[in-house]
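S.K.: The residues making up each chain are set out below.
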Amino acid sequence: YAQAIRIGVNEPLTGPFAASGTYVVNGARIAADEINAKGGVLGKKLELVVEDNKSNPTEAAAVAEKLITSDKTPVLMGAWGSSLTLAVMPKLADYETPMLVETSSSGKITTSGNPYVFRISPPSALEAEAFAPMVEKLGLKKVDFLAINNDWGRGAAADFGKMLKGKGVTVGLVETMDQGAQDMSAQLSKLKGSDADTLLITAAVDQLTLLFKQMAALGLKKRIITTGGSQNPDQIIAQAGTAAEGTMHLTTFLPWYPEKTPNPAATAYFIAEWKKRGFEFAGVTESFRGYDGIRTIAAAIEKGGGTDAASIRKGFWSVDLTGLNGPVRFAKAGPAGSESGQSKPDVYLVKIDGGKVVVPEL
Amino acid sequence: MTEFLQHLLNTLVLGGTYALLGIGLTLIFGIMNVVNFTHGALYTVGAYVMYLAVTALGLGFFAALPTAILGGLLLGAILDLALLRPLRGADMDTTMLVMIGAGIVLQSGTLWLFGGVAKSIPTPFPDAPLQLGGVSVSWLRLFVLSAALALIGLTYWLINRTRLGLAMRATFQDHDTAALMGVNVRLIYTATFAIGSSLAAAAGALLGPVYVVFPQMGGMAELKAFAIVILGGLGNVTGAAIGGFILALAEELGAGYISSGYRDAMGFLIIIAVLIFKPTGLFAKAERIG
Amino acid sequence: MLEIRDLVCGYGAVTALKGLSLTVEAGQLVALVGANGAGKSTTLRAVSGLIPARSGSIHFDGRDITGTDPRKVLAQGIAHCPEGRRVFPQMSVAENLAMGAYLRRDPAGVSADLARIYGEFPRLAERRHQIAGTLSGGEQQMLAIGRALMSRPRLVLFDEPSLGLAPNIVERMFAVIRAICDTGTTVLLVEQNAFAALELCDYAYLLETGRIVLAGKGSMLIADPHVRQAYLGG
Amino acid sequence: MNQHLPALALLAALVAVPLALGNEPYLLNALITTGIVTIAAMSLNLLLGFTGQLSLGHIAFFGIGAYVSALTSLGFDVEVFGGLRVVHEPWPPVVGFGLAVLATAACGYLVGRLSFRVRGAYFVIVTISFAEVVRLVALNWVELTQGPLALTGIPPFSLWLPGLGTTTLRTKLQNYYLVLVVGTLCYVLIARLVRSRFGRAMRGLKENESLALSVGINATRTLTLAAVISAAMAGAAGSLYAHYLRIIDPDVFLFSTTVTMVIMVVGGGKGTLLGPVVGGLIFGLLPVALRPVMVPEAQWMVFGLVLIVIQFVMPRGIVPGLVRFATRRRASAPASVPVEVRP
Amino acid sequence: MSETGVPILSVDHVGVRFGGLVAIADLHFDVHPGEIVSLIGPNGAGKTTAFNVMTGFLKPSQGQVRFRGTGLEGLPPHEIVRLGLSRTFQRTSVFPDDTVFDNVMIGLHRRGRARLVDTLLGRDRAGEAALRERAQELLDWVGLSGRARDKAGSLAYGEQRLVGVALALATEPAMLLLDEPVSGMNASETQVFVRLIRSIRERGVTILLVEHDMPMVMEVSDRIVVLNYGRLIAEGPPAAIRSDPAVIEAYLGQGSAAREAAQAVRETTHA
Ligand SMILES: Nc1ncnc2c1ncn2[C@@H]1O[C@H](COP(=O)(O)OP(=O)(O)OP(=O)(O)O)[C@@H](O)[C@H]1O
Ligand SMILES: Nc1ncnc2c1ncn2[C@@H]1O[C@H](COP(=O)(O)OP(=O)(O)OP(=O)(O)O)[C@@H](O)[C@H]1O
Ligand SMILES: [Mg+2]
Ligand SMILES: [Mg+2]
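Protein chains in written order, with this note's numbering: chain A, 3 to 364; chain C, 773 to 1062; chain V, 30 to 263; chain P, 6 to 348; chain G, 101 to 371.
If you are wondering where the hints come from, they were derived from the structure by calculation, not from laboratory data. Any given hint could be a false lead.
[Stated by the list, open to error] A few chain C residues that don't get close to chain V, going by computed Cβ distances all over 10 Å:
#: 1; residue: F834
#: 2; residue: G991
#: 3; residue: L1025
[Said to hold, decoys possible] Interface residues of chain V toward chain C, partial, derived using beta-carbon atoms under 8 Å:
#: 4; residue: L79
#: 5; residue: H109
#: 6; residue: P111
#: 7; residue: R115
#: 8; residue: Q119
#: 9; residue: Y131
#: 10; residue: D135
The C-beta atom is built at its ideal place from N, Cα and C for all residues, glycine as well.
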């Protein structure tokens, strides 16, 4: 091979989001190895340049700067959280370098007119849209929200609320909790007193575990649906035990039933490889984003036909790939003239039943 | 009404844990005058030792708890011997910075060793809560509350009723003079830091099972511990305990009746208010001028 | 009983004692007088181990105690009542006195001594639960003296005990010191109230800028024209 | 003049750095962000080093400065209590900078008045609490601050320079010199202040408060003044930050940034003029230097270890440590005497 | 002495309590311009507390203090200094980390006139030079010029007390309150200090002195006020106070008291 194509990976490896960022990076490595084993892209190997953004927006921007200017990566993947991604975005415009956004859900990312952003994760509005058909089947009447107090939680509560109101469902309390909060008894006590039939929760897996345990302790019994797609039901089952029984989760990946995924072969390969590398199975619901992200970038390089930023950016628009959670195809989003790319993945509803993840019949 | 009662019950349980966090720090910060930025890390370490003891070592839950406390005691003693003893007599900021450094090392060390994925510690308590009328509380939390109260009582007794406690207080008010009275001040320094650390570890070991265990769990805990200590008056064990309950009450009612987004703000607002009206904390020390 | 030979001590670049020698015989009351900054307090600090000696030696009962830490010095029977009171400000009067008896293991003896000190300084008895930091200056001085005596020392070092005491209490305190000495405790007394100290003592040393310049019976020093001029106000 | 020599040498070096670096945007970026935090650290030093009051909530002023400046230049439309609607059309960033300085000075005044009833540890907590409350407001007042959704699209600074007309500071180089100019200005102001009678009053209060009162120093006034100036400088740094990064979210209020500032001040040498600058450069650039050589967790651990080692070798900080080393070499006798002072 | 005319300081039925403890019961006396008055009394009688009330460090629970006709209630210490009433502290009190010279410079705070803007713009050179000159004068006056460059915290006890006096003088007081200024000084040093006090008075400063050194008090005072348990028990010229039975009983003591005490010690230890 002449020279490797370098891909900058900008993820939180320390700080509060360390666990998730690490999962994504591990997924990305699987993809890169797989592609390289098959001969690489345009006859060149892929090389991941992984940098830690310390879960901190300023660092995320600095890392982008480093990757682009000093490591000369023509394309980036990152940066997990929405505020991290948003902090990176001005740099993309400055250096005209495209970035694949694998996890962030804030609507702003694709609506602020940054034409260098291509996102494969669903913003919460898309997720809400996917959930809409299930609302009647589940028979929701009145819904309360409990959301993590960041862009992701707030965004989800707002978008799902709008969608539900449109379907004639009453929206009750909207409670929030801090990112690092461990004790949510106060919020839960309040929610317990409400007459809503369903509680929609948006939070990362660790907080979900805590919430389910604390709900059990308070005797709060309602229909629980979590949103956001990175809840990692296996970890919840392992850690919350019976407290998680009966809860439902909107996810974007079905690793438990590879045969039901859009691309069963790829899913099976990915899961096998994941296990082979000795990672915890629970991590796959996060790491598959990294895997799909790198595969999407590879496809973009292929389509663009060059290893420079401009060709890759052009290539993104013609990517057509079946990812682990549905087709990856970028549609234009945001203000005309400077649109970002947004792909629309599948969304599934799963339920924890008897300590197992099942797909409920609706 | 039941909601209010539930809030009060939550306060009691949460307050117990806050109090426990506060008393460990009040020994080190309030009495020793070391701005201890390892407190959060020691809390985290306590939780991880508990986790290892229960899962990897297979010790029972109740045997793991003293193991974790002992671990905190040892780590505290090591920290003191290695980092604080050589700096005895240095000013407060020097030791503060060293403690910040040590805190960073400990925290990244746990991340390195255990990874960022949260762990959960199995407990022998039933999942089903204890129902009291309309309110309910988990058995685990009841146990934590009683353990916390017991530790608070023990510490109070140690500081105010024993010879060791007397020597500790004397040493930190005037270590030269304490030495003249025959106190082994080097030992007292190490012992105090170790005991304070073991209390932080105890808090972590008790709360680890209630919540989940992860490398950053100490961050907010540390900030709150500082607030509690100041609220209660520096070095005042009883004050720290009461401060813990007050903070819990403010947060609980704030989140329950005002806005959950401002939950933590409630606690801090209470602190600002208290300090405006009683600038030396709720339980001030007597002082004179001239 | 106490023998200091060629002691050199200092703080950083300052050399406060420049080869000081003195002897205290058992049962004696020895006074050490000198101007501000002469090194009197430094001498006492060196004996009790608060600061290290740069050279020279200190022997107590024939044993070398140079560089021993304060705790062990106390255990040998040397108590030090430091300059500037140095009471534990956040402890009660009673707790301060308890600290004085920290190394003692005879509760009965301790409470007898406590009663004696309360008898001596009724003010302390009155205030036994007051936080020491809020006592008046003189009250703190009484407490410091009482605390030093609580260890039942064989040799006690007093650093300016009369500082800030009312005249009648000073009188009483000197009497107490004399009496302590008469009952078998050796005393090394540093005093600015040179006249009283010299009258009271069995033997006296005059210290000037880190060296002993004169030694002899108290009455002899009182009679010395240089001493009269420089320390007794002519 | 001699006493200013090291500072002038450092300034000359900093002016020359970009020339030496050529166009190395990543390093310039690191220097700019480090410079901004260093200005904040200098302002913290005014309180911590010269009045002895540790503000662990200093990030609040920085963050408020950033938000005020950003909102001024972005405009907003909010409804405050009682349905009153406040609409603001965007103003140029330079105005935002000015308003940020004024607003944070006012906050400094408030905190100063509030908390100089309380000193020492209590002041620490009041400032931490203040910062947390402000952070939570920024997080929850979504209508104004966009909450966690972040304020994006903040315009870069544009300056009117004689002869050059109006320039928008887009390049790294321009921003670098802007930060350098603001930093130098702050340095000079602090230097003047602490060498004056105000500075002496601050030191007096730090060393012996009752005595300072008894010679007629107005404690509240002096400390409030220090807080106001300190807050205003932190606010200026915040404004630079907002327009340089062009996005801010409530994470600008992170407690750990205050800790970084404290590390810079104390590590560099609190109570000295150059301490926070040297500390800022070292501790700001250390992570950059460590990044390529080891895994992230190890980077943090080495950062922590370096911190510890510096305190062991130079307990009063790097600058006093170096000064001492230099004087000791010049004169064979030890220069300054460590004095143990007791109450 | 001059009991007539307008008093410079009048203490008007002042009382102070700390919780249940009555530190000052009902204190009432005047000081006239140019006088040297001593306030004496047993330990804990309330002398320092009285100073704290006069200088605004403590609020009295009753009564008030007037200085040059102004009521002092509610004024903070720095305002009172501005009126011309200055003090020293019983415990040695200096700015320990600064040099002796800088201590005095800090003490000259009220003399500086520089406005903040001037300072920030660097327009204050002349004022600073004048202050420095003044500081040097003060050090010469109290006899500390030799130690001007030393850190105040490293000075011996007695020298630190002189720094305290220099600091108080730096505020250019009309009246100076000295709390046990010669404690820790020997007789000869005390005599030097007495001369200093006299020279201060000669410059028109009124002095109120708290001191336990009776020879010095008797020598220097125009008038003595005696306090016991927070109450005034005697007032008058030194000669009268010296022979006042109440004062002897409460404070001065006689040889006999000492002997009795010694006897008591012997008995208890032998018992
Ligand atoms: N902590 C210290 N650091 C530096 N120098 C000191 C220290 N303590 C004392 N000195 C110096 O050592 C010398 C002797 O001091 P010392 O306290 O022994 O004097 P002293 O005879 O007790 O005087 P005084 O009667 O004033 O108490 C003095 O010059 C003093 O300045
Ligand atoms: N802050 C306080 N809290 C409680 N008691 C106090 C306080 N300050 C002073 N006292 C008490 O008030 C009384 C008067 O104290 P003050 O210091 O005025 O005495 P003084 O006359 O100056 O005595 P001395 O001559 O010993 O210095 C003392 O008994 C003292 O214990
Ligand atoms: Mg002395
Ligand atoms: Mg007094």
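S.K.: For each hint, tell me whether it holds in the structure or not.
M.R.: These are the hints, each one checked on the structure:
The claim that F834 (chain C) is not at the interface with chain V holds, since no C-beta of that chain comes within 10 Å of its own (minimum 37 Å). No Cβ of chain V comes within 10 Å of the Cβ of G991 (chain C); the nearest lies about 32 Å off, and the non-interface call holds. The claim that L1025 (chain C) lies off the interface holds: its Cβ sits roughly 34 Å from the closest Cβ of chain V, which is beyond the 10 Å cut-off. Hint on L79 (chain V) holds. Least Cβ distance to chain C is approximately 6 Å, under the 8 Å limit.
The beta carbon of H109 (chain V) is positioned within 8 Å of a beta carbon in chain C (closest approach about 5 Å), and the interface hint is therefore held. Checking P111 (chain V) against chain C: minimum C-beta separation of about 6 Å stays under 8 Å; hint holds. For the restraint placing R115 (chain V) at the interface with chain C, the shortest Cβ-Cβ distance is roughly 4 Å, inside the 8 Å limit, so the hint holds. Given the 8 Å rule on beta carbons, the hint for Q119 (chain V) holds: about 6 Å separates it from the nearest Cβ of chain C.
Annotation: Y131 (chain V) was flagged as interfacial toward chain C, and the flag holds, the nearest CB pair being 5 Å apart, inside 8 Å. With a cut of 8 Å, the hint placing D135 (chain V) at the interface with chain C is violated, because the nearest CB-to-CB distance is about 14 Å.
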